[in-house]
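Protein sequences appear in the order of chains A and W.
For the first sequence, my numbering gives the first residue as 1, with consecutive numbering after it.
For the second sequence, my numbering gives the first residue as 1, with consecutive numbering after it.
To be clear, the hints were calculated from the coordinates, so they are not data collected in a lab.
Virtual Cβ for every residue (Gly too), placed ideally from N, Cα, C.
Hints are supplied without guarantee of correctness; some may be wrong.
Claimed, not checked - Pulled from the structure, derived: some chain A residues nowhere near chain W, Cβ distances all over 10 Å:
id, residue
1, R8
2, F54
3, T122
4, M127
5, L130
To be verified - Partner residues aside, some chain A positions facing chain W, computed with beta carbon under 7 Å:
id, residue
6, Y31
7, G34
8, V41
9, F48
10, G81
11, V84
12, I88
13, G90
14, H109
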Amino acid sequence: MQHDLILRIAAKLLIPMIMLYALYVQFHGDYGPGGGFQAGVIFAVSIFLYALVFGLPAAMRVFSPTLVQALAAAGVLLYAGVGVVSMISGGNFLDYGALNPGDRALGEHIGVLLIELGVGITVAAVMIMLFYLFASPIDADDSGGH
Amino acid sequence: MTENLLILLLLVMLIVIAVAVHRLRSLFAAAMLFGLFSLVAALAYVLLDAVDVALTEAAVGAGISTILMLSTLALTHQRTEARHRRHLAALCTVIFTGAVLLWATTDMPGFADPESPVHQHLAPYFLQESASDIGIPNAVTSILASYRGYDTLGEVVVVFTAGVAVLGLLGGRRSSGRQRREED
Numbered sequence: 001m002q003h004d005l006i007l008r009i010a011a012k013l014l015i016p017m018i019m020l021y022a023l024y025v026q027f028h029g030d031y032g033p034g035g036g037f038q039a040g041v042i043f044a045v046s047i048f049l050y051a052l053v054f055g056l057p058a059a060m061r062v063f064s065p066t067l068v069q070a071l072a073a074a075g076v077l078l079y080a081g082v083g084v085v086s087m088i089s090g091g092n093f094l095d096y097g098a099l100n101p102g103d104r105a106l107g108e109h110i111g112v113l114l115i116e117l118g119v120g121i122t123v124a125a126v127m128i129m130l131f132y133l134f135a136s137p138i139d140a141d142d143s144g145g146h
Numbered sequence: 001m002t003e004n005l006l007i008l009l010l011l012v013m014l015i016v017i018a019v020a021v022h023r024l025r026s027l028f029a030a031a032m033l034f035g036l037f038s039l040v041a042a043l044a045y046v047l048l049d050a051v052d053v054a055l056t057e058a059a060v061g062a063g064i065s066t067i068l069m070l071s072t073l074a075l076t077h078q079r080t081e082a083r084h085r086r087h088l089a090a091l092c093t094v095i096f097t098g099a100v101l102l103w104a105t106t107d108m109p110g111f112a113d114p115e116s117p118v119h120q121h122l123a124p125y126f127l128q129e130s131a132s133d134i135g136i137p138n139a140v141t142s143i144l145a146s147y148r149g150y151d152t153l154g155e156v157v158v159v160f161t162a163g164v165a166v167l168g169l170l171g172g173r174r175s176s177g178r179q180r181r182e183e184d
């Protein structure tokens with residue numbers, strides 16, 4: 001697939017739009033449908049498309065397997081970290097209102113944004129990780145050809 | 001009325017696709033039909049006004065799952081072996097269980113009945129108060145991320161654990177592949 005010009009150009013046009021849409025779904029989840037789970041999956045799809053058209057090694061240069069593994073853990077850490085910070089601020093675990101005692105609703109909003117970001121990072125990273133793991137041997141055979 | 005008919009049509013399509021997936025011997029076609037199954041299910045969710053679920057179904061079911069199944073196919077065979085034997089006991093069990101489940105649905109509240117228990121307990125509070133409690137218009141996000149924050153944390157940990165498990169199962173093979181490439 002690496003020499004198909006039309007596919008490459010179409011992918012180049014589509015990938016940034018998919019990424020932008022993922023960010024929209026991520027940060028507009030408070031107002032419309034969407035949230036971290038969906039955004040993470042959509043973002044992962046853009047990397048899948050890149051890997052399918054330009055080859056797995058090219059995708060791994062952008063998001064190295066080590067980075068992806070670290071990000072998968074970082075998302076969970078961010079989520080749980082928000083809970084710990086709200087405990088330190090005097091509330092219960094994951095009681096986001098405690099993040100901003102003056103205006104609890106604003107604190108809740110900030111908390112929701114942060115934990116959704118954590119969800120998005122973990123889901124995207126785990127999906128990319130799974131794809132790398134499943135797709136690796138196929139690509140190893142391909143790269144043997146040239 | 002037309003909406004109900006559309007939903008009914010989509011449900012019939014789901015059954016048709018499910019039967020087709022079962023009958024197909026080509027795993028590639030079955031994987032593609034699974035993606036179609038999710039897409040039709042997502043349409044049904046949109047008609048039921050469950051847009052968040054529809055978005056998830058379309059992205060995960062039709063998108064990611066299909067790609068992952070196809071990449072798994074590359075590791076295995078493309079076709080299943082034809083099975084000729086029919087298990088009468090299994091057929092009886094399935095028919096019996098299905099009949100019991102159908103019979104049990106007669107006890108369920110009517111479709112979209114506002115008086116049903118699920119719409120009387122916590123749902124009115126969430127719909128009326130979540131906007132002022134959390135400051136977010138989308139009640140689904142409020143429930144998922146704030147009221148049910150523990151559950152969602154658990155879900156993220158499940159996703160993470162699943163990723164780690166697959167890494168443990170397949171990770172060694174990938175690094176050996178990389179070594180082979182480096183040796184080349």
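(request) Starting from the hint list further up, note which numbers the structure goes against and sort them upward. (result) 3, 4, 5, 10, 11, 12, 13
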